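Trainee: Residues per chain, in single letters:
Number of protein chains: 2
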Amino acid sequence: MNEFELIARLLPSLATNDSVVVAAGDDCAVLDLGVPGRLVLFKTDAVVEGIHFTADTPPEKIGHKALARCLSDIAAMAGQPNSALVTLALPKDFAVARVEKIYAGLNALAQRHGVAVVGGETTTSPERMLISIALLGTVAKDQCLLRSGAKPGDAIFVTGQLGGSLAGRHLDFEPRLAEARWLAEHFSIHALMDLSDGLAGDLRHLLQASRVGAELRAASIPISREAKTAGRGKFSAKPPLLAALTDGEDFELLFTLDAKSAVRLLDAWKKHFPDLPLACIGRITPEPGLRIRDERGVRELAVRGYEHFAAKKSE
Amino acid sequence: MNEFELIARLLPSLATNDSVVVAAGDDCAVLDLGVPGRLVLFKTDAVVEGIHFTADTPPEKIGHKALARCLSDIAAMAGQPNSALVTLALPKDFAVARVEKIYAGLNALAQRHGVAVVGGETTTSPERMLISIALLGTVAKDQCLLRSGAKPGDAIFVTGQLGGSLAGRHLDFEPRLAEARWLAEHFSIHALMDLSDGLAGDLRHLLQASRVGAELRAASIPISREAKTAGRGKFSAKPPLLAALTDGEDFELLFTLDAKSAVRLLDAWKKHFPDLPLACIGRITPEPGLRIRDERGVRELAVRGYEHFAAKKSE
Numbered sequence: 003m004n005e006f007e008l009i010a011r012l013l014p015s016l017a018t019n020d021s022v023v024v025a026a027g028d029d030c031a032v033l034d035l036g037v038p039g040r041l042v043l044f045k046t047d048a049v050v051e052g053i054h055f056t057a058d059t060p061p062e063k064i065g066h067k068a069l070a071r072c073l074s075d076i077a078a079m080a081g082q083p084n085s086a087l088v089t090l091a092l093p094k095d096f097a098v099a100r101v102e103k104i105y106a107g108l109n110a111l112a113q114r115h116g117v118a119v120v121g122g123e124t125t126t127s128p129e130r131m132l133i134s135i136a137l138l139g140t141v142a143k144d145q146c147l148l149r150s151g152a153k154p155g156d157a158i159f160v161t162g163q164l165g166g167s168l169a170g171r172h173l174d175f176e177p178r179l180a181e182a183r184w185l186a187e188h189f190s191i192h193a194l195m196d197l198s199d200g201l202a203g204d205l206r207h208l209l210q211a212s213r214v215g216a217e218l219r220a221a222s223i224p225i226s227r228e229a230k231t232a233g234r235g236k237f238s239a240k241p242p243l244l245a246a247l248t249d250g251e252d253f254e255l256l257f258t259l260d261a262k263s264a265v266r267l268l269d270a271w272k273k274h275f276p277d278l279p280l281a282c283i284g285r286i287t288p289e290p291g292l293r294i295r296d297e298r299g300v301r302e303l304a305v306r307g308y309e310h311f312a313a314k315k316s317e
Numbered sequence: 003m004n005e006f007e008l009i010a011r012l013l014p015s016l017a018t019n020d021s022v023v024v025a026a027g028d029d030c031a032v033l034d035l036g037v038p039g040r041l042v043l044f045k046t047d048a049v050v051e052g053i054h055f056t057a058d059t060p061p062e063k064i065g066h067k068a069l070a071r072c073l074s075d076i077a078a079m080a081g082q083p084n085s086a087l088v089t090l091a092l093p094k095d096f097a098v099a100r101v102e103k104i105y106a107g108l109n110a111l112a113q114r115h116g117v118a119v120v121g122g123e124t125t126t127s128p129e130r131m132l133i134s135i136a137l138l139g140t141v142a143k144d145q146c147l148l149r150s151g152a153k154p155g156d157a158i159f160v161t162g163q164l165g166g167s168l169a170g171r172h173l174d175f176e177p178r179l180a181e182a183r184w185l186a187e188h189f190s191i192h193a194l195m196d197l198s199d200g201l202a203g204d205l206r207h208l209l210q211a212s213r214v215g216a217e218l219r220a221a222s223i224p225i226s227r228e229a230k231t232a233g234r235g236k237f238s239a240k241p242p243l244l245a246a247l248t249d250g251e252d253f254e255l256l257f258t259l260d261a262k263s264a265v266r267l268l269d270a271w272k273k274h275f276p277d278l279p280l281a282c283i284g285r286i287t288p289e290p291g292l293r294i295r296d297e298r299g300v301r302e303l304a305v306r307g308y309e310h311f312a313a314k315k316s317e
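If you read the protein sequences in the order shown, they are chains A and B. In the numbering used here, each number is its position in the first sequence, counted from 1, plus 2. In the numbering used here, each number is its position in the second sequence, counted from 1, plus 2.
Isolated chain A, as found in the complex:
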């Protein structure tokens, strides 16, 4: 049983109350606590030594990454982050200087985005470090963007370039907070999420939440320089397009809007964010499932990402 199956099994029995607008299943929980015109966003995210970073990772980057991942989830709702709590589980013999550097990286990012670090706790984890961030944010009631609003005929967009994040970007990416808020303020975005587990898998979650399907154009998917380089390396078996579809930790924005607004969006985007690519990678379809089109035709992408498709291709 994987994480998603476990969550699906636990979901129906979770306690609830009248303030819940969106519970588990989207990028953040959404609550109505009575703030006039705004909803509260609530999210936690943990990074674990040996999984999300290593003992050699510069500590400032560990702190940056821990908070940036959580901020990316606030961006995924077009929200404004407000305050964070930091849970640091450390071996007993931790080095104080290392902890201070973790906080330095975390604080620098927090300050750039107006986030208050209002406390947290340290606890003992004898074998490996774990950092969990709890984050509060808010969003205008009419601008909170969920995964579930995609409609047939929508154009699908993605920011940045995908794949190969583990070469370094996963440690110093900047969460797309300003970009997401700009989108929500200026366009009628139907569905929005951030990319954390890889485009193919994450898009599938958006499609399921929206009860629609999608067809991607292989030639339009933006592939990062790292994914292209890795694809040429003799130790890598992952072609660049496969990396862009299935590598995790991109932390870019994935969203849909009515195809009629696509050109206007691309024009406005170029003016406001000239340094960040925006690509239209496909369209939402009424038929369920996720397909990809290349010069050889249209094929299904398998549930577990691109692996199954790639295997078929080589048959």
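For the record, the hints were derived by calculation from the structure and aren't laboratory data. Small disclaimer: the values here were computed from a predicted structure and weren't measured. A hint or two may mislead.
Where chains are identical, the list cannot tell them apart; a pair therefore holds if satisfied intra-copy or between any two copies.
Unchecked claim - In the SDA-like style, the derived pairs of lysine to any residue whose C-alpha atoms are separated by at most 25 Å in a straight line are: (1) LYS94 <-> VAL22; (2) LYS273 <-> GLY27; (3) LYS94 <-> THR126; (4) LYS143 <-> LEU35.
Starting from the known structure of chain A, fit chain B onto it as the hints suggest.
Mentor: This is chain B only, laid out in the frame that chain A set:
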């Protein structure tokens, strides 16, 4: 360097913003997010296998304890809990039935207190389970009770009976949410906190935050049956009073109010909470430091709790 020293070192550099009312240092962070008449409370707390529970602990009780500890911090501000996120770090080969039972214990407690469980995440912790709870609550602006309001002449009160929690109470205690709200609504409480690290150590934090001292009456400190029993056991070296002063995980309320209101409080309490003892255990003094009075006179309690005092006594 212990947890408190580490936090003190990190505190001055933490990022902040205009919504922060109380940052790190009290039982919860307190934020003004614009809810009319109310403040938002924000707290995280983690329990770790081998430290806060064992591999043998019934899983329902692990879930109960993880949430109850965090709810106790909301009680410590006289707040109303609203919603929780659950971070579960698990070995790869976790048993689904065990996780479901953890959630069952957690959900039952959440439902009793109107708390929505709005999601969270599972991540990997190869060596031992860790559960971190992030909790949101609210409190009326004029009823939020901090640690820092104690005044010379105040009477010091504690609910319940102290010590020996590890005999079992730490796994199934009920957080004192209703009691704390009743106190804030009906009395002018000056300072409030919950007991997690032991009366002597926790009271010292309240005194430091309020820049006052205290004198306790040894005979008035309520000692639990478990602490008395353990004190008689041949393997225990801890006298019952020492256990009541220094054992952790009591999760009772510690508070102060003007001594003139003490009798009225004790009378009203008995009517409203006939099953929960309330004891006046001493008074706040203008002189700093923590002292205890018994039949042999008044003595200082050492910084690290009661140990130093006990050692002196046996000389």
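Trainee: Each of the hints needs a verdict: does it hold here or not?
Mentor: Do the hints match the structure? See the list:
1. For the homomeric pair LYS94 and VAL22, neither the shortest alpha-carbon distance inside one copy (39 Å) nor that between copies (31 Å) is at most 25 Å.
2. For a Cα distance limit of 25 Å, the shortest separation of LYS273 from GLY27 qualifies neither inside one copy, at 34 Å, nor across copies, at 45 Å.
3. For the identical chains of this complex, LYS94 and THR126 are neighbours both inside a copy (6 Å) and across copies (20 Å), given an alpha-carbon limit of 25 Å.
4. In this homomeric assembly, LYS143 and LEU35 come within 25 Å of each other (Cα to Cα) both inside a single copy, at 12 Å, and across copies, at 14 Å.
Checked against the numbered hints given earlier, this structure breaks hints 1 and 2; the rest are met.
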